[in-house]
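Residue numbers (my numbering), protein chains in the order written: chain A, 1 to 299; chain B, 1 to 299.
Honestly, the hints are just simulated from the structure, not real lab data. Among the clues, some could well be false.
As the list claims (entries may be wrong) - Calculated cross-link-like contacts (lysine-lysine; reagent style BS3-like; alpha-carbon spacing at most 27 Å): (1) A:K213 <-> B:K159; (2) B:K68 <-> A:K294; (3) B:K159 <-> A:K294; (4) B:K294 <-> A:K188; (5) B:K153 <-> A:K294; (6) B:K288 <-> A:K288; (7) B:K185 <-> A:K185; (8) B:K212 <-> A:K185; (9) A:K256 <-> B:K196; (10) B:K185 <-> A:K294; (11) B:K188 <-> A:K294; (12) A:K294 <-> B:K288; (13) B:K212 <-> A:K188; (14) B:K257 <-> A:K294; (15) B:K188 <-> A:K212; (16) B:K294 <-> A:K212; (17) B:K294 <-> A:K256; (18) B:K202 <-> A:K256; (19) B:K213 <-> A:K213; (20) A:K294 <-> B:K20; (21) A:K185 <-> B:K294; (22) B:K196 <-> B:K257; (23) B:K212 <-> A:K284; (24) A:K202 <-> B:K257; (25) B:K159 <-> B:K185; (26) B:K213 <-> A:K294; (27) B:K192 <-> A:K212; (28) A:K92 <-> B:K185; (29) A:K188 <-> B:K159; (30) B:K162 <-> A:K257; (31) A:K202 <-> B:K284; (32) A:K185 <-> B:K213; (33) A:K257 <-> B:K202; (34) A:K213 <-> B:K288; (35) A:K294 <-> B:K256; (36) B:K284 <-> A:K288; (37) A:K257 <-> B:K288; (38) B:K159 <-> A:K256; (39) A:K288 <-> B:K257.
2 protein chains.
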Amino acid sequence: MSVLVVGSVALDSVETPFGKHDNLLGGSATYFSISASYFTDVKLVAVVGTDFPNRHIELLQRRGINTKGLQIEKGKTFHWKGRYEFDMNVAKTISTELNVFETFKPKIPSQWRKAENIFLANINPDLQQNVLKQASSPKFVACDSMNFWIENKRSSLAKLLKNIHLFLANDSEARELSGETNLLKAAKYILKLGPKMVIIKKGEHGCLLVTKKNFFSVPGFPLEDICDPTGAGDTFAGGVMGYLSESGSIDEASVKKAIIFGSVMASYNVEAFSLDRLLQLNRKLIDKRYREFKELVRF
Amino acid sequence: MSVLVVGSVALDSVETPFGKHDNLLGGSATYFSISASYFTDVKLVAVVGTDFPNRHIELLQRRGINTKGLQIEKGKTFHWKGRYEFDMNVAKTISTELNVFETFKPKIPSQWRKAENIFLANINPDLQQNVLKQASSPKFVACDSMNFWIENKRSSLAKLLKNIHLFLANDSEARELSGETNLLKAAKYILKLGPKMVIIKKGEHGCLLVTKKNFFSVPGFPLEDICDPTGAGDTFAGGVMGYLSESGSIDEASVKKAIIFGSVMASYNVEAFSLDRLLQLNRKLIDKRYREFKELVRF
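Could you put the whole structure together from the sequences, leaning on the hints where they help?
In structure tokens, the structure reads:
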């Protein structure tokens with residue numbers, strides 16, 4: 001099986017206490033795709049400008065990612081500029097130049113309409129809904145959002161969530177969407193909007209899966225050196241959806257394993273700038289840290 | 001086996017979003033003792049004033065706690081007044097009236113000098129050291145401290161840590177003591193000061209055990225209603241030391257189990273004001289939540 005992702009491909013300028021780099025390959029769909037590519041075939045739907053370096057497209061293709069859905073439009077690529085302070089938990093956005101991403105109309109290539117596993121990365125929920133309409137037989141759809149859409153497109157997001165199996169949110173998004181400070185209450189509120197499962201991402205503190213019947217908690221992997229947290233959430237989602245697409249199963253045991261694989265990928269990702277660490281991985285290293293996670297919580 | 005604890009017995013005035021109560025039974029040694037009493041015999045060394053209600057002493061004794069070491073001095077009992085805002089993570093101290101606690105000279109009754117398991121709750125590290133000198137054959141000594149002593153008695157604390165097996169600190173204390181933001185680095189710094197193990201408590205995010213060779217992570221137990229976090233850290237320590245004293249073993253597997261029991265006790269404690277929830281427990285309820293913890297992290 002494969003996974004189809006719709007989201008952003010971007011060029012990032014990132015500053016952390018460990019360095020400063022311009023025009024790094026970034027974007028939600030990029031992190032997701034590279035991460036998921038270690039588990040399954042990936043179909044990428046996104047847009048870049050004519051300035052987007054061809055070597056980045058080749059890099060995606062070398063990871064086996066199908067870029068048939070990557071539209072190249074006249075203009076400049078989406079550019080995000082941000083900075084992390086010492087605590088590394090929250091990015092401070094310095095500037096966001098949407099460029100060609102501003103008028104992005106995601107279009108699933110006709111051969112991909114039967115895609116069953118779909119990840120709708122953080123874009124306008126109206127567009128996420130529109131993508132879903134183009135899919136003829138979605139079986140497992142996950143989506144992400146952000147505070148901006150929760151504040152400005154709440155009803156569109158609520159409508160979308162009726163058709164979503166798995167909603168991923170970080171703690172502040174879950175709190176804002178639900179109006180609840182307590183994360184368990186927040187997750188239960190979101191479940192009532194439609195999704196079968198909610199994953200609340202808590203940065204260095206790991207994440208929490210909540211379903212109607214159960215919950216599951218994963219600690220953050222203890223790391224001494226966190227270099228750049230950019231893309232951790234999408235890398236996590238890539239591991240989750242990649243593993244689920246590979247396993248072909250969405251029962252609770254598989255979802256739990258998928259969340260560990262997501263956590264493994266995210267923990268590797270933050271060890272270097274951009275996709276540098278993710279691109280050096282292999283299944284052996286991934287399985288090694290999976291076993292370390294098992295050991296980390298075993299008693 | 002039994003555990004000996006030295007710390008405070010206090011009367012607390014606590015305000016949280018869920019209510020406001022005056023003159024509640026509190027204090028580090030109280031929370032520790034009640035918690036540990038579900039696992040093992042507890043010997044309490046502390047001080048109260050002549051105003052301390054006799055019913056509180058009877059309550060401790062009904063839990064089987066030996067109060068021979070509870071000194072009653074002329075004057076008023078230690079009184080802490082604090083408030084928690086909605087996020088419930090940090091207590092705001094409104095006032096601290098040390099009263100008889102100010103001149104507390106902990107004295108281990110002569111029959112207890114052979115105590116092997118000792119918990120030094122948060123008091124002046126010079127006093128903690130003095131207590132340790134009174135013990136003839138300490139085998140497993142744990143201690144807690146606070147930012148105030150880290151700032152004002154750093155060298156005394158460093159000296160004490162040479163003789164400690166397990167140091168418990170919350171995240172901000174570990175950061176302040178080590179000068180490291182990263183908690184894993186902070187724990188490794190503290191290990192170099194002497195303790196064989198460090199537990200870093202992260203409030204609702206659970207805790208992290210770090211030893212020279214290994215680490216172990218426990219998530220917070222997901223709770224919808226947290227009523228009053230007062231005493232959670234000492235209740236946790238009571239579960240840890242209570243279980244270890246009961247089991248008579250301090251190998252890594254036992255310490256991990258002990259940490260889960262500590263987490264179980266702390267998660268119950270925050271469900272009600274003062275010791276209200278802790279006092280209603282029994283071993284069946286404790287074992288039930290232990291199994292829920294196991295399920296919470298199992299994959």
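How the hints compare with the structure:
1. Between the alpha carbons of K213 of chain A and K159 of chain B the distance comes to roughly 50 Å, so the proposed pair goes past 27 Å and is violated.
2. A hinted pair counts as satisfied when its Cα atoms are at most 27 Å apart, and K68 of chain B with K294 of chain A does not qualify at roughly 45 Å.
3. Only pairs whose Cα atoms come within 27 Å are accepted, and K159 of chain B paired with K294 of chain A is rejected, the gap being roughly 36 Å.
4. For the hint pairing K294 of chain B with K188 of chain A, the CA-to-CA distance comes to about 22 Å; that is within 27 Å, so the pair holds.
5. A threshold of 27 Å between alpha carbons decides the hint, and for K153 of chain B with K294 of chain A the separation of about 39 Å lies outside it, so the pair is violated.
6. The straight-line distance between the Cα atoms of K288 of chain B and K288 of chain A is roughly 32 Å, outside the 27 Å bound, and the hint therefore fails.
7. Using a Cα cut-off of 27 Å, the hinted pair K185 of chain B and K185 of chain A is violated, with the two alpha carbons roughly 33 Å apart.
8. Restraint check for K212 of chain B and K185 of chain A: not satisfied, since their Cα atoms lie roughly 38 Å apart, outside the 27 Å limit.
9. Between K256 of chain A and K196 of chain B the alpha-carbon distance is near 33 Å, which puts this suggested pair outside the 27 Å criterion.
10. Of the pairs offered as hints, the one joining K185 of chain B and K294 of chain A holds, with about 22 Å between alpha carbons and a cut-off of 27 Å not exceeded.
11. The suggested pairing of K188 of chain B with K294 of chain A holds, with an alpha-carbon distance near 22 Å, which does not exceed 27 Å.
12. Proximity of K294 of chain A to K288 of chain B is assessed by CA-CA distance (about 22 Å); at most 27 Å being required, the pair is judged to hold.
13. Simply put, K212 of chain B and K188 of chain A have alpha-carbon atoms about 40 Å apart, too far for the 27 Å limit, and the pair is violated.
14. Restraint check: the Cα-Cα separation between K257 of chain B and K294 of chain A comes to about 16 Å, which is no more than 27 Å; the hinted pair holds.
15. Between the alpha carbons of K188 of chain B and K212 of chain A the distance comes to roughly 40 Å, so the proposed pair goes past 27 Å and is violated.
16. Proposed proximity of K294 of chain B and K212 of chain A is supported: the alpha carbons are some 19 Å apart, at most 27 Å.
17. Distance hint between K294 of chain B and K256 of chain A is fulfilled; the C-alpha atoms sit about 14 Å from each other, no more than 27 Å.
18. The straight-line distance between the Cα atoms of K202 of chain B and K256 of chain A is roughly 23 Å, inside the 27 Å bound, and the hint therefore holds.
19. Taking the CA atoms of K213 of chain B and K213 of chain A, the gap is about 37 Å. The hint is violated against a cut of 27 Å.
20. A hinted pair counts as satisfied when its Cα atoms are at most 27 Å apart, and K294 of chain A with K20 of chain B does not qualify at roughly 42 Å.
21. For the proposed pair K185 of chain A and K294 of chain B, the alpha carbon gap of about 22 Å is at most 27 Å, so the pair holds.
22. Restraint check for K196 of chain B and K257 of chain B: the C-alpha separation of about 17 Å stays at or below 27 Å, so the hint holds.
23. With a CA separation close to 26 Å, the supplied pair K212 of chain B and K284 of chain A stays within the 27 Å bound.
24. Only pairs whose Cα atoms come within 27 Å are accepted, and K202 of chain A paired with K257 of chain B is accepted, the gap being roughly 25 Å.
25. Distance hint between K159 of chain B and K185 of chain B is fulfilled; the C-alpha atoms sit about 20 Å from each other, no more than 27 Å.
26. Restraint check for K213 of chain B and K294 of chain A: satisfied, since their Cα atoms lie roughly 16 Å apart, inside the 27 Å limit.
27. Between K192 of chain B and K212 of chain A, the direct Cα distance comes to roughly 45 Å. Violation of the 27 Å bound is thereby established for this hinted pair.
28. Between K92 of chain A and K185 of chain B the alpha-carbon distance is near 25 Å, which keeps this suggested pair within the 27 Å criterion.
29. Straight-line distance between C-alpha atoms of K188 of chain A and K159 of chain B comes to about 49 Å, which puts the hinted pair past the 27 Å bound.
30. Distance hint between K162 of chain B and K257 of chain A is unfulfilled; the C-alpha atoms sit about 41 Å from each other, more than 27 Å.
31. The suggested pairing of K202 of chain A with K284 of chain B is violated, with an alpha-carbon distance near 32 Å, which exceeds 27 Å.
32. A distance of roughly 38 Å separates the Cα atoms of K185 of chain A and K213 of chain B; the hinted pair therefore is violated under the 27 Å criterion.
33. Restraint check for K257 of chain A and K202 of chain B: the C-alpha separation of about 25 Å stays at or below 27 Å, so the hint holds.
34. The suggested pairing of K213 of chain A with K288 of chain B holds, with an alpha-carbon distance near 17 Å, which does not exceed 27 Å.
35. Pair hint K294 of chain A plus K256 of chain B holds up; C-alpha atoms about 14 Å apart against a cutoff of 27 Å.
36. Between K284 of chain B and K288 of chain A the alpha-carbon distance is near 37 Å, which puts this suggested pair outside the 27 Å criterion.
37. With a C-alpha separation of about 24 Å, the suggested pair K257 of chain A and K288 of chain B falls inside the 27 Å cut-off, and the hint holds.
38. Of the pairs offered as hints, the one joining K159 of chain B and K256 of chain A is violated, with about 45 Å between alpha carbons and a cut-off of 27 Å exceeded.
39. Only pairs whose Cα atoms come within 27 Å are accepted, and K288 of chain A paired with K257 of chain B is accepted, the gap being roughly 24 Å.
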